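Trainee: Sequence:
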Amino acid sequence: MRTDAIPVLAVPLTAEQSETMAQLRIKKHDVAIMLLHWFNASVWLLELLTGLALISSDYFRVVPLWYVAIAEGAFGGRAHMLQFHVALGLTWIVVFLVYGIFGFRTYLGEVLHKEIALDRDDFRWLIVRTLRILGQSNEPLPPQGSYNAGQKLFAFMIYAMIPVVMVSGVIMAFQFFGPTVVGWAIVAHFAAVGAVVSGLMVHVYMGAVFPEEKSAFFSMITGTVDELYAYSHHFKWWREVKLAQAEWE
Numbered sequence: 016m017r018t019d020a021i022p023v024l025a026v027p028l029t030a031e032q033s034e035t036m037a038q039l040r041i042k043k044h045d046v047a048i049m050l051l052h053w054f055n056a057s058v059w060l061l062e063l064l065t066g067l068a069l070i071s072s073d074y075f076r077v078v079p080l081w082y083v084a085i086a087e088g089a090f091g092g093r094a095h096m097l098q099f100h101v102a103l104g105l106t107w108i109v110v111f112l113v114y115g116i117f118g119f120r121t122y123l124g125e126v127l128h129k130e131i132a133l134d135r136d137d138f139r140w141l142i143v144r145t146l147r148i149l150g151q152s153n154e155p156l157p158p159q160g161s162y163n164a165g166q167k168l169f170a171f172m173i174y175a176m177i178p179v180v181m182v183s184g185v186i187m188a189f190q191f192f193g194p195t196v197v198g199w200a201i202v203a204h205f206a207a208v209g210a211v212v213s214g215l216m217v218h219v220y221m222g223a224v225f226p227e228e229k230s231a232f233f234s235m236i237t238g239t240v241d242e243l244y245a246y247s248h249h250f251k252w253w254r255e256v257k258l259a260q261a262e263w264e
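Residue numbering for the sequence shown follows my numbering, starting at 16 and increasing by one per position.
Fair warning: there could be bad hints in the mix.
Each pair of labels, with its calculated beta carbon distance range [to be verified]:
id : residue 1 : residue 2 : range
1  : 214       : 115       : 14 to 24 Å
2  : 22        : 192       : 49 to 59 Å
3  : 106       : 172       : 34 to 44 Å
4  : 192       : 219       : 27 to 37 Å
In silico BS3-like links for lysine-lysine, alpha-carbon gap of 27 Å or less [as the list claims (entries may be wrong)]:
id : residue 1 : residue 2
5  : 42        : 129
6  : 251       : 42
7  : 229       : 257
8  : 129       : 257
What the hints contain is simulated information worked out from the structure, not anything from laboratory work. Keep in mind the model is a prediction, meaning the values are calculated, not measured. Here a beta-carbon is modelled for each residue, glycine too, at the ideal position from N, C-alpha and C.
Generate coordinates for the entire structure from the input sequences, incorporating the hints supplied.
Mentor: Laid out in structure tokens, this is it:
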């Protein structure tokens, strides 16, 4: 494809063009990113399941007693469940730091730029998307990069909360700096985890349930999306990919 044949703006596609593009694939994620994603998902699920059971006393709990009993029974007691929760959390910290240190100059730096950096189209997307949800606008959404503005805000929140979860968790686990600091660490830990879980509920729904984003969900398994999805939802990224392919050819 010649570079002058690549559209500057998304134009309506014919049925034949849509069918053709639906059969073509574009790489979206490296294997390392997919492994980190599913490792994080597994760790957060296990930490959430055990953490909810650990928040239980005679005065306060967030899950029913039957859930606490099942969780403690599965680990052979509350102490063993706490040990598992702490050990898994420390493993997560180590793996995350290794990925960050050794991957930042290769793929992570680029991914963070793509996932977090907001441009003019992103800010406009947030406004238009909000108005469309409220039924106040039918304006087309501005073109997006490999991640839309909503996904970028979610990623920013996650990356902001991760250090809070890590530091507060370590302080709680090893009782560093005395009771007052540990008490504030508990508050910070619960607040950060609550923010992440709230965002993850929306993330899981949008990725695994929302029909328009199914391709994005499966891209974390296959590493690719079809060109029709890329063209329709992430036009700026699709155009970058096609321009790079044209220059290579």
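Trainee: Hints first: check each against the structure and report whether it holds.
Mentor: Evaluated hints:
Taking the beta carbon of each, residue 214 and residue 115 are about 20 Å apart, inside 14 to 24 Å as hinted. Range check, residue 22 to residue 192: about 58 Å between beta-carbon atoms, so the 49 to 59 Å window is met. The hint said 34 to 44 Å for the Cβ distance between residue 106 and residue 172, and at roughly 23 Å that hint is violated. At about 35 Å, the beta-carbon gap between residue 192 and residue 219 stays in the expected band of 27 to 37 Å.
Between residue 42 and residue 129 the alpha-carbon distance is near 15 Å, which keeps this suggested pair within the 27 Å criterion. Between residue 251 and residue 42 the alpha-carbon distance is near 15 Å, which keeps this suggested pair within the 27 Å criterion. For a cut-off of 27 Å, the pair hint linking residue 229 to residue 257 stands: about 23 Å separates their Cα positions. This hinted pair checks out: residue 129 and residue 257 have alpha carbons roughly 17 Å apart, not beyond 27 Å.
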